[in-house]
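Kindly generate the complete structure, drawing on both the sequences and the hints.
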Amino acid sequence: MKFILVINYIKDGSNQKCKEKFVFRDFLMIYNKISDTCFTSCANSFMTREVEPDEAACVESCAKKYILTNHRMMKVFIEAQAVIVQKRIEEMNAAQQTEAANNSAPNELPSNNNSLTSVETKT
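Mapping to my numbering: the sequence shown position 45 is 45, numbers consecutive.
Please note that a few of the clues may not be correct.
[Said to hold, decoys possible] In the EDC-like style, the derived pairs of lysine to aspartate or glutamate whose C-alpha atoms are separated by at most 16 Å in a straight line are:
hint	residue 1	residue 2
1	Lys64	Asp36
2	Lys65	Asp36
3	Lys33	Glu50
For the record, the hints were derived by calculation from the structure and aren't laboratory data.
Following this line, the structure appears as structure tokens:
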């Protein structure tokens, strides 16, 4: 519940510094994950202080892979988010039109076809 309130607070745009802190925090989390993953998979020898050429190439390749993956995911997210926003706009417009139509129609009771009519009898 607290997380949702913080997100809503950020969406309002009322606190730009808080939003910047969240963005920076997310950046640091991604950076730390990439660093940890690439270090674990690429650092093989701790016999020297220097980074070996194959380790440097491995780290560069690993980081490049994660960065490109992140870019692709963000591109897909932005495209999907645009579709979702457009759909919400259309739904809201339809709801507003329905509400406007309901408000403009007079409040009449529906006619009842079972009303009494005169009946002619033959004598």
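Do the alpha carbons of Lys64 and Asp36 lie within 16 Å of each other, as the hint requires? holds (14 Å)
Pair hint outcome, Lys65 versus Asp36 [Cα-Cα no greater than 16 Å]: Status holds; Cα separation ~14 Å.
Sort out whether Glu50 lies within 16 Å of Lys33, counting only the CA atoms. Roughly 23 Å between the alpha carbons, so the hint for Lys33 and Glu50 is violated.
Of the numbered hints listed earlier, the single one contradicted by the structure is hint 3.
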